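J.: Chains A and B, in that order, are what the protein sequence lines are.
Throughout the first sequence, residue numbering follows the working numbering, covering 140 to 250 in sequence.
Throughout the second sequence, residue numbering follows the working numbering, covering 5 to 116 in sequence.
Hints are computed from structural coordinates only; laboratory data are not their basis.
Everything numeric in this text was worked out from a predicted model, so none of it was measured.
With a cut-off of at most 25 Å between alpha-carbon atoms, the simulated SDA-like pairs for lysine to any residue come out as follows:
| no. | chain 1 | residue 1 | chain 2 | residue 2 |
| --- | --- | --- | --- | --- |
| 1 | A | Lys142 | B | Gly62 |
| 2 | A | Lys180 | B | Pro12 |
| 3 | A | Lys180 | B | Asn81 |
| 4 | B | Lys17 | A | Pro178 |
| 5 | A | Lys180 | B | Ser11 |
Residues on chain A that point at chain B, a partial pick, calculated with CB under 7 Å:
| no. | residue |
| --- | --- |
| 6 | Ser181 |
| 7 | Leu182 |
| 8 | Ser184 |
| 9 | Val187 |
| 10 | Phe227 |
| 11 | Gly237 |
| 12 | Phe240 |
| 13 | Gly241 |
| 14 | Lys242 |
| 15 | Gly243 |
What follows is a list of derived Cβ distance ranges for each label pair:
| no. | chain 1 | residue 1 | chain 2 | residue 2 | range |
| --- | --- | --- | --- | --- | --- |
| 16 | B | Thr18 | A | Pro178 | 23 to 33 Å |
| 17 | B | Gly20 | A | Lys207 | 43 to 53 Å |
| 18 | A | Lys156 | B | Ala42 | 24 to 34 Å |
| 19 | A | Gly192 | B | Thr18 | 50 to 60 Å |
For each residue, glycine too, the CB sits at the ideal point set by N, CA and C.
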Amino acid sequence: ELKVEQNPLFLSMQEGKNYTIYCNYSTTSDRLYWYRQDPGKSLESLFVLLSNGAVKQEGRLMASLDTKARLSTLHITAAVHDLSATYFCAGSGGGADGLTFGKGTHLIIQP
Amino acid sequence: DAGVTQSPTHLIKTRGQQVTLRCSPKSGHDTVSWYQQALGQGPQFIFQYYEEEERQRGNFPDRFSGHQFPNYSSELNVNALLLGDSALYLCASTRSRVTEAFFGQGTRLTVV
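Chain A on its own, in the form it takes in the complex (with noise of 0.2 Å):
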């Protein structure tokens, strides 16, 4: 059963200042999913990670990923406050197609 770990799960910061989110998962998972979620809206997909070594890159947001190490992060920078959101980081299990969520970063990006 795939498990993901995410940390921090708070994250207070200030604006213009570069930071990491950490994703550990269990077991091997075919993709890793990193989503954007605002306080009472839905989830935004922001990368899907395929392979490892992959790098994607929006903006002030870069995530890679390390299939070797089970990791993926979430590399933030410059942040400024419209980053502010919780972001979540979900696995997909060895041939099971529903995802695997992390239990989120809560992220506050301070003026």
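Based on these hints, arrange chain B on the given structure of chain A.
T.: Just chain B now, with coordinates in the frame of chain A:
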């Protein structure tokens, strides 16, 4: 493209009642998955429907059942509601196993 649409957006039910939630997948998608997200938690996989059959199921009791119609839309039914069923119910659609999952806006269910 309307994306994934869910109805209703909010619902209040009494303990013991039954509820039906509805989902229309994104155009071109044939697979629908349902998730339950309790407040402050990550979504939890309930089940997935493909070709009108339940293909996979998470760790949820039989009170949770579903259906998929020939047009790929889907329903989630919950019987004998408990207070603990209060949550945001999210529907996600994909095209078989190829594409990433797109989520609807969710149905906020409150059981009183």
